[in-house]
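J.: Residue numbers (our numbering), protein chains in the order written: chain H, 1 to 563; chain G, 1 to 134; chain Y, 1 to 301.
Note that these hints are calculated values from the structure, not bench results. Backbone N, C-alpha and C fix where the C-beta goes; we use that ideal spot for every residue, glycine too. Take every hint as true, because none was put in to throw you off.
Restraint-style ranges between C-beta atoms, simulated for each label pair:
id, chain 1, residue 1, chain 2, residue 2, range
1, Y, G75, H, R509, 37 to 45 Å
2, H, I15, Y, D279, 56 to 64 Å
3, H, T396, G, D87, 53 to 61 Å
4, G, M70, Y, T255, 54 to 62 Å
A short list of chain G residues far from chain H (calculated; beta carbon distances all over 12 Å):
id, residue
5, Q3
6, D87
7, K105
8, V130
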Amino acid sequence: MERVVADEVLDEERIKKWRDGRLAKDYERIPPRQEQFTTLSGIPVGDIYTPEDVKHVDPAADIGLPGEYPFTRGPHASMYRGRPWTIRQVAGFGQAEDTNGRYKFLLAHGETGLSTDFDLPTLLGHDSDHPVYGREVGKIGVAVDTVVDAHVLFDGIPLEEVSTSLTINASAAVALAMYLIVGDERGIPGSKLTGTTQNDILKEYTAQNEFIFPPLQASQLVVDTMEYGAEVMPRFNPLNACGYHIRDAGATAVEEVGLTLSAALCYLELAQQRGIEPDRLAPRVSFFWNVHNNFLEEVAKLRAARRLWARLTRHRLGCTDPRSWLMRAHCQTSGVSLTAQQPLNNVARTAMQALAAVLGGTQSLHTNSLDEAFAIPSEEAIKVAVRTQQLILHETGAADVVDPLGGSYYVESLTTQIEEEASELIRRIDEMGGMIGAIENGYANQLIADSAWEQQLALEKNERITVGVNDFVDDDNSLAGIELFRLDPGVGERQRARLAEVKRSREERRVADALRALEVAAHDLHRNRMPFIEEAVRARATVGEICNVLRSVWGEYQPSTVF
Amino acid sequence: MPQNAIKVVVAKPGLDGHDRGAKVVARALRDAGMEVVYTGIYQTPESILRAVLQEDAAVLGLSSLSGAHMEYAMELCELLRENGREDLLFLVGGTIPEDDAAQLKKFGVSEVFGPGTRTDEIIDYINEHVAVAS
Amino acid sequence: MSTQAEVEALLAQHGNGAGWVPLARAITKIENNPPWDIALPVPTRPVHTIGITGPPGVGKSTLTGRLIEAYATAGARVAVLAIDPSSPITGGAVLGDRLRMETYLMGRNDVFVRSLASRGSHGAIASSTRNVARLLELSDSFDVILIETVGAGQTEVAIAELADTIALVTVPGLGDAVQAIKAGLMEIADLIVVNMADRPGVPETLRHFRLTLGREVPVLQTVATEGTGVEKLRDELDKRWAALGQNGALQSVRTRKRAREAALTAEAWTRALADELVDEHDDLHTAVKRILEEAARRWSA
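Please put together the full structure from these sequences, using the hints given.
T.: Here is the structure:
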């Protein structure tokens with residue numbers, strides 16, 4: 001067929017002509033739906049994007065190829081044409097055996113990696129027999145007091161084949177030791193274990209509020225786990241730097257990237273100050289992103305984050321190992337975007353968010369269940385969530401091409417813009433002394449609180465529509481016959497009984513010695529505390545006992561008072 | 001400047017750290033002319049009671065997103081009764097299923113506000129139901 | 001029943017063992033009504049009323065929390081009034097001091113903390129706050145009363161200066177925090193507390209205060225987040241109270257402050273009258289005439 005030659009060149013002038021002419025005429029007939037279109041970060045969205053908009057984007061330096069620096073198009077060359085992302089649904093409630101049952105259910109339905117949610121007492125370093133917090137045992141996650149519970153949790157699960165993500169932060173060091181010891185006591189060497197501890201304590205002070213100790217001491221403990229992991233569990237990722245919670249707390253996509261990368265830098269720079277080369281630890285830093293509603297912004301965000309991290313590790317930290325530059329990410333669809341009104345809509349929301357994660361190049365994915373606005377997901381709902389991912393993989397074709405949206409004028413333009421704005425935020429945080437400084441002076445908290453407020457205003461002024469909430473409202477709150485999950489009220493008592501039994505049968509002397517040794521080690525912030533925590537866990541010390549020792553030396557952090 | 005204002009205590013009981021909603025509500029109530037004492041997270045029923053009694057609050061807003069709302073709310077209802085403050089407008093917000101909401105109201109909670117509640121709904125409710133002290 | 005009578009009745013209820021509720025209600029009555037509607041008797045058993053003030057960001061609430069702890073540990077019954085500004089636009093307020101003190105209050109049922117928004121004119125809030133403190137004195141339930149305010153504006157100065165002892169909190173360095181104090185607070189401070197004293201700049205700061213205030217005004221150092229220096233602060237405050245107890249010194253301080261309070265109340269009364277009567281079309285002559293006439297009429301009524 002003959003090649004058609006255009007009458008005019010597609011340059012800036014031509015586009016302006018089009019805008020002032022044809023587009024303006026369209027708007028005369030049909031006015032734009034909104035006065036201004038913006039992404040959820042407030043970035044203005046133009047009507048059309050053309051080669052003009054990506055003139056400054058270098059196809060070689062900025063976009064490149066998958067599996068190559070700066071990894072904009074993906075951390076691996078073949079991406080999902082080879083290995084699909086891991087379907088990794090977080091699960092956790094009741095006692096270890098209850099969660100173990102949910103694991104087996106999920107694995108049977110096609111999940112390919114495990115993820116554990118722990119209950120609040122465990123997350124915050126308290127035991128199930130705590131006089132005040134005992135009432136929260138097993139409610140939003142699994143209760144784990146000692147390594148005995150950890151054994152039950154992973155009973156019948158081949159840890160040398162299945163990777164596990166442990167969603168725990170303030171007490172992550174204890175969980176890490178438990179995972180190692182469960183493997184060890186089963187004859188599986190640490191070198192065969194794969195998975196993650198979330199362990200990103202800095203985001204707790206700004207977003208999730210699951211902290212115990214003050215930021216500096218807690219961050220040094222994170223460095224301990226990273227150093228320890230590199231040595232005894234070289235395939236395990238001790239740190240999962242998180243944007244998810246920051247985003248759900250109200251931050252914009254740009255803030256999500258800026259704050260998360262600042263935190264990751266903080267840990268690696270603290271390690272550097274201790275004489276640990278970033279190249280030793282960076283290859284095992286993984287990331288956890290939110291996938292929120294604005295589809296294209298989320299795709300661009302994931303690409304921007306990958307590229308920015310590659311540049312930061314290479315040029316700022318001076319990493320020379322390409323594995324240090326490479327960002328591997330887990331994504332979760334946004335919890336806060338789910339509505340209690342017309343909950344079936346959540347299935348559609350989650351599906352679109354999940355698709356964005358796939359088109360953005362995630363390595364593993366959790367899709368929320370439709371009833372998650374109310375409770376721990378029911379089996380029916382979590383099954384739909386798993387199927388959603390399988391549908392994307394097998395029915396949409398989205399996984400058959402690597403980075404299919406690469407080259408889109410809009411997506412590349414937005415990727416660059418997000419990278420630039422996030423970079424600017426990181427620079428501002430640097431001026432405050434890094435992430436710890438930005439926490440101590442309240443800046444990070446205020447940033448997030450203000451964004452949360454702005455979003456609430458936009459919702460209440462109907463500047464942004466949430467279907468079923470401020471438009472298309474009806475009385476339908478039905479869950480289509482899905483029964484909400486109810487926790488067995490006897491869980492707390494049973495767990496306390498088990499804990500009592502463990503305390504009865506352990507060697508008290510060994511526990512006391514281990515805790516005392518840990519206390520001494522805790523005073524030296526540059527000493528790795530993990531071997532001491534490991535010994536305490538082996539001796540069947542409890543999460544509470546171990547954390548109380550650290551509390552006694554480091555003190556407790558007072559929650560932020562910022563609005 | 002008005003002489004009177006509605007005094008509200010916004011509290012988060014137990015270990016639940018999800019405070020985005022509580023903070024947004026506190027800010028909205030302030031913008032609606034109310035005086036808000038936000039107790040912060042990690043409160044016990046006793047510390048919440050103490051705040052309510054000492055601040056002579058007209059309204060208590062309890063925020064809970066960690067599934068322990070029944071125990072905490074019911075304990076507070078008891079404590080309020082024991083201390084002569086059943087007149088308090090007791091509101092509960094968060095991830096509260098309908099059945100639990102109905103039970104809470106039977107027990108003494110004035111109203112339950114689930115996810116997606118607009119702040120003006122809460123403000124209107126308070127303005128309608130609070131007898132402003134003189 | 002008049003406000004006065006209601007307040008007295010509630011105070012009596014509290015005295016009869018009814019707990020915090022009537023006391024808190026009485027405070028609300030004082031808050032919700034103009035200070036000239038209330039005339040509380042002079043307390044026969046005076047209680048040390050300490051004003052803690054200073055610019056924002058110097059750790060006042062943490063320090064107050066620690067001070068509460070120090071007093072309570074020594075067996076004193078403590079009351080705290082924490083005053084935060086009201087929004088001039090919406091009239092509302094977020095009263096955030098309690099939150100910051102709460103960690104030190106955990107489990108303590110014997111400490112009374114009340115947050116107050118600074119509604120109305122500075123004169124009115126200052127007088128009302130003094131009345132609330134007076135009420136707490138009259139209740140016989142406390143051994144020390146702390147009044148915490150933020151900032152160095154007219155309102156904060158007015159509230160602080162009515163206390164028996166005024167402690168001005170600042171941080172080391174000669175930057176904004178110290179400069180901000182010059183606007184009125186320096187003159188009324190009975191002692192200075194340099195908090196965050198583990199930061200650089202302490203010697204220069206001490207010298208600055210010595211040069212500006214002379215040696216009679218004690219300057220203390222604290223690190224509130226760690227509790228360092230707080231017991232010494234408590235002891236210094238107790239020393240000052242003991243000194244006031246000698247030779248009618250407290251009497252004369254209180255008389256002087258009552259005069260100041262009366263002036264503030266009068267100012268607030270007149271201001272309220274002006275707000276009510278004066279019209280945007282009035283010139284000065286008309287405005288003053290109208291106020292004087294109405295004032296005379298109301299006062300004789």
